[in-house]
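Sequences listed follow chains A and B, in order.
Mapped onto my numbering, the consecutive letters of the first sequence carry residue numbers 1 to 505.
Mapped onto my numbering, the consecutive letters of the second sequence carry residue numbers 1001 to 1313.
Honestly, the hints are just simulated from the structure, not real lab data.
A few of these clues could be false.
[Unchecked claim] Keeping only pairs whose Cα atoms sit at most 20 Å apart, straight-line, the calculated EDC-like set for lysine to aspartate or glutamate is:
1. A:Lys-429 with B:Glu-1046
2. B:Lys-1054 with B:Asp-1076
3. A:Lys-342 with A:Glu-466
4. B:Lys-1054 with A:Asp-125
5. B:Lys-1160 with B:Asp-1175
6. A:Lys-429 with B:Asp-1033
7. A:Lys-124 with A:Asp-156
8. A:Lys-124 with B:Glu-1046
9. A:Lys-110 with A:Asp-145
10. A:Lys-429 with A:Asp-281
11. A:Lys-429 with A:Asp-391
12. A:Lys-340 with A:Asp-352
13. A:Lys-287 with A:Asp-352
14. A:Lys-153 with A:Asp-143
15. A:Lys-153 with B:Glu-1046
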Amino acid sequence: MKRTPLAVALAASAALALSACTGGGTDAPAEGGVTDLNIGNFLDVTSWDPSLADIGFDGPYLSAVYDPLLALDEDGNPTPVLATDWTVSDDFLTVTMNLRTDAVFSDGEKFDADAAVASLNYLKDGARSSEAYLNVTSVTAVDEDTIEIDLSKRDDTMLYLMGLGRSYMMAPDAIAAGTLATEPVGSGPYTLDADTSVVGAEYHFDKVADHWDAATYPFTGLSIYPILDATARHNAMLSGQVNVNYADPLNQDQAKEQGWNISSKVSGWVGLQFLDHTGKDLAPLGKLEVRQALNYAFDGAAILQSVGAGSGEVTNQVFPVGAGGYDASLTDAYAFNLDKAKDLLAQAGYADGFALHMPMSPIFQQWQPVVEQTFGELGIDVTWDDMQMPDYQINAPTYPMFISFLAMDANPQATVARQVTNVQWYNPKPEYAQFPELASIVDDIQTQTGDEQLASITKLNQKLTELAWYSVWYQANNMYYSTEGITVTPITGMMFPTLRYIQQG
Amino acid sequence: MIWFTAKRLLSGVVLLVLVSVGTFFLAHLAISDPTVNLLGGTYTPEQQAALAHKIGTDRPLLVQFGDWASHAVRGDFGTSWRNFQSVGDQLALKLPVTLSVVTFAILITAIVGTAFGLIAGLRPGSIFDRVIKAVSVVLFALPGFWVSLVLVIWFAVQLKWFPAVGYVQPTQSIDGWLRSITLPAVSLALGAIVAIAEQLRNAVIAVDRQDYVRTLRSRGLSRARVTVHILRNASPAALTVLALMFVGLLSGAIVVEAIFSLPGIGQLTNSSSQIGDIPMLLGITVISIVFVVIVNFLLDLALGFLNPKARVR
Chain A
1 MKRTPLAVAL
11 AASAALALSA
21 CTGGGTDAPA
31 EGGVTDLNIG
41 NFLDVTSWDP
51 SLADIGFDGP
61 YLSAVYDPLL
71 ALDEDGNPTP
81 VLATDWTVSD
91 DFLTVTMNLR
101 TDAVFSDGEK
111 FDADAAVASL
121 NYLKDGARSS
131 EAYLNVTSVT
141 AVDEDTIEID
151 LSKRDDTMLY
161 LMGLGRSYMM
171 APDAIAAGTL
181 ATEPVGSGPY
191 TLDADTSVVG
201 AEYHFDKVAD
211 HWDAATYPFT
221 GLSIYPILDA
231 TARHNAMLSG
241 QVNVNYADPL
251 NQDQAKEQGW
261 NISSKVSGWV
271 GLQFLDHTGK
281 DLAPLGKLEV
291 RQALNYAFDG
301 AAILQSVGAG
311 SGEVTNQVFP
321 VGAGGYDASL
331 TDAYAFNLDK
341 AKDLLAQAGY
351 ADGFALHMPM
361 SPIFQQWQPV
371 VEQTFGELGI
381 DVTWDDMQMP
391 DYQINAPTYP
401 MFISFLAMDA
411 NPQATVARQV
421 TNVQWYNPKP
431 EYAQFPELAS
441 IVDDIQTQTG
451 DEQLASITKL
461 NQKLTELAWY
471 SVWYQANNMY
481 YSTEGITVTP
491 ITGMMFPTLR
501 YIQQG
Chain B
1001 MIWFTAKRLL
1011 SGVVLLVLVS
1021 VGTFFLAHLA
1031 ISDPTVNLLG
1041 GTYTPEQQAA
1051 LAHKIGTDRP
1061 LLVQFGDWAS
1071 HAVRGDFGTS
1081 WRNFQSVGDQ
1091 LALKLPVTLS
1101 VVTFAILITA
1111 IVGTAFGLIA
1121 GLRPGSIFDR
1131 VIKAVSVVLF
1141 ALPGFWVSLV
1151 LVIWFAVQLK
1161 WFPAVGYVQP
1171 TQSIDGWLRS
1181 ITLPAVSLAL
1191 GAIVAIAEQL
1201 RNAVIAVDRQ
1211 DYVRTLRSRG
1221 LSRARVTVHI
1231 LRNASPAALT
1241 VLALMFVGLL
1251 SGAIVVEAIF
1261 SLPGIGQLTN
1271 SSSQIGDIPM
1281 LLGITVISIV
1291 FVVIVNFLLD
1301 LALGFLNPKA
1311 RVR
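Work out the full structure: start from the sequences and follow the hints.
See below:
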């Protein structure tokens, strides 16, 4: 999944112009509920081919036309869809899945074990989808409705990633034809109406008459509008063109005036990503006191209010607030205290601060003043190396620390993998193994299951906080507006929820 | 005339080659490893190498350029690194959107700007002339994106006469198409109208003072025929500005397409830049230059038609 920085900025004048607007309004729901769902998404579909799609925001598009093997519940746990149930072998190296037998692809092909194997092998080789199947050695059909996935080593994130959007099943003939990028053929609740859709502007869908899971998809009509600009999305909502919108928190007051439903959930953490915990390149960062000082020095609540329009949760953890592994008792572990930060720096031998370079890109400039001001208070001399966003993702990990806005996962095992142990663009050389107290907990996590494992994950979170592994200022929300009669359930890990989380009511 | 045309075409080709070469190497200099952005957060070195091989960035830069150029001269701009679809196909989808809006904006600009400029120029100092000047100052001062937002709020959100966002293809509905491009075109045209009107007004005043105009009047030609002569001699300056505006409006479309969520070249440029989709950026560059060359060529022809002296260059 692409770890897209989530920063959203709105021109103040545009906000003023919009705040002056009082017109528009929402259409009252029809008797029996709203029948047409018109979504304003913030990006165009990357590709209709699930092997090339970005599961962060492609969810509404792909979940319209494809059924996945697995989905996620609100807590990030895999739930059955086309796979009715599954078992993991005692050695964690084989996953056996039983499949539905009543799903049919839109080209008339029947969904069965062979089709599932064809899709999974295609996804395993996909440029973007392969992230879910890094440890898969083979996928085989056991019988008509059973498949077996063999792994080279235990992988606690595979099922989560499959549920997040990496297990969409495609018609075997369409895979072979190589036409999925423009002509999706799945067994989903809708089919793409290519005749009325305008690529890049609006996609219209026809409801499948006898879909096996029709109750989960109550809307008769479905249209998705990729609207990149936040103001344009808001205007589309005001004018009634869309009735669900990826929202800008700056418009919350007007949304309330309009009587829209507002739903939100934490989606990413904002703060400083430390990449040199041993002090190899920047000696001060190898000192615990310095990292702790950089936690005490930032007033997360004030930053959230001023930069994030107050839409989020103040915390110092990378585990989503309320999710498994999160420990509420740690929230005040580094409550804002500039004097304490200065004392800690002095204890570490850096009373006069130190000098460092940090990368900067336009999207992170909204936090640049607060870092500069805070570092100034501590005597830290920062030199900003400006670069454009594509280069930021390449170069930022070569610095000892950088300002980050990183997506989070509801699933605690996935959080351990993506924030601590696995190679990511923002963590190219995971350092946990060089800290025995962390390595031993990670070892435990990788051999345990269930509650025992969750307890160890919480313990890991406590140790990470104690070691000031990051400087987290707050967790920012993803926010959605919907008109009366439609509810959106946000899922941490999905930038835009899949259709099963958009319901009447 | 043939030599004049050949020289214009040749200079256009040189411009096309120079800008394309510059864009290719600048883009590759700016984006050192495109696979990082394309793969996103989670990938192995093997996946990265496989993608680099797939998109060809594992080859020396000169080899990549030779490959791209040899295909580009045949009209094949390769495949997008974002979705692995043909760049040409995607440009063919997006270009009509931008051209619809820009052409409509130019049409509005030409008609309204000419009318305002002519009336103001024939009656300098009149109330109409002063109103045009005052409106010009105001429209010049207002930021284009703000004007666009106000238009959306009034005509789409409040009155619901036009859609706030989106684009309808003319093959689906002519009425829907016109409604979808009207507000964006008007947004683009407002600033351009006053520029053309101002330019034409000054030219009309200058031409109106020429001896041959006085002679035409003294010979008893009708007011309308004299006006036609004045307009023909005053129009080259406004025409030049209009042609420059066509090029300017192509880039201005980036903002308008964002505000009205139009799936045009501007939006494509924006998204391709963010992810570092170099083949798409190169395709956009080439197609933009082609339009600049064509518009300038047509301008030269038009100026040559209006003023024979302009052909001897």
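Here is how each hint holds up against the structure:
Between A:Lys-429 and B:Glu-1046 the CA atoms are separated by roughly 16 Å; this keeps the pair inside 20 Å, and the hint holds. In summary, the hint linking B:Lys-1054 to B:Asp-1076 is supported, as the alpha carbons are separated by about 17 Å, within the 20 Å threshold. A C-alpha spacing of about 18 Å is found between A:Lys-342 and A:Glu-466, which places the hinted pair at or below 20 Å, so the restraint holds. A threshold of 20 Å between alpha carbons decides the hint, and for B:Lys-1054 with A:Asp-125 the separation of about 12 Å falls inside it, so the pair holds.
For the hint pairing B:Lys-1160 with B:Asp-1175, the CA-to-CA distance comes to about 15 Å; that is within 20 Å, so the pair holds. For the proposed pair A:Lys-429 and B:Asp-1033, the alpha carbon gap of about 18 Å is at most 20 Å, so the pair holds. A hinted pair counts as satisfied when its Cα atoms are at most 20 Å apart, and A:Lys-124 with A:Asp-156 qualifies at roughly 17 Å. Distance hint between A:Lys-124 and B:Glu-1046 is fulfilled; the C-alpha atoms sit about 13 Å from each other, no more than 20 Å.
With a C-alpha separation of about 11 Å, the suggested pair A:Lys-110 and A:Asp-145 falls inside the 20 Å cut-off, and the hint holds. Taking the CA atoms of A:Lys-429 and A:Asp-281, the gap is about 13 Å. The hint holds against a cut of 20 Å. A threshold of 20 Å between alpha carbons decides the hint, and for A:Lys-429 with A:Asp-391 the separation of about 18 Å falls inside it, so the pair holds. The straight-line distance between the Cα atoms of A:Lys-340 and A:Asp-352 is roughly 14 Å, inside the 20 Å bound, and the hint therefore holds.
For the given pair, A:Lys-287 sits about 15 Å from A:Asp-352 by alpha-carbon distance, which is consistent with the 20 Å threshold. For the suggested pair A:Lys-153 and A:Asp-143, the alpha carbons sit about 24 Å apart, so the restraint of at most 20 Å is broken. A threshold of 20 Å between alpha carbons decides the hint, and for A:Lys-153 with B:Glu-1046 the separation of about 17 Å falls inside it, so the pair holds.
Violated hint for the displayed structure: number 14, the only one.
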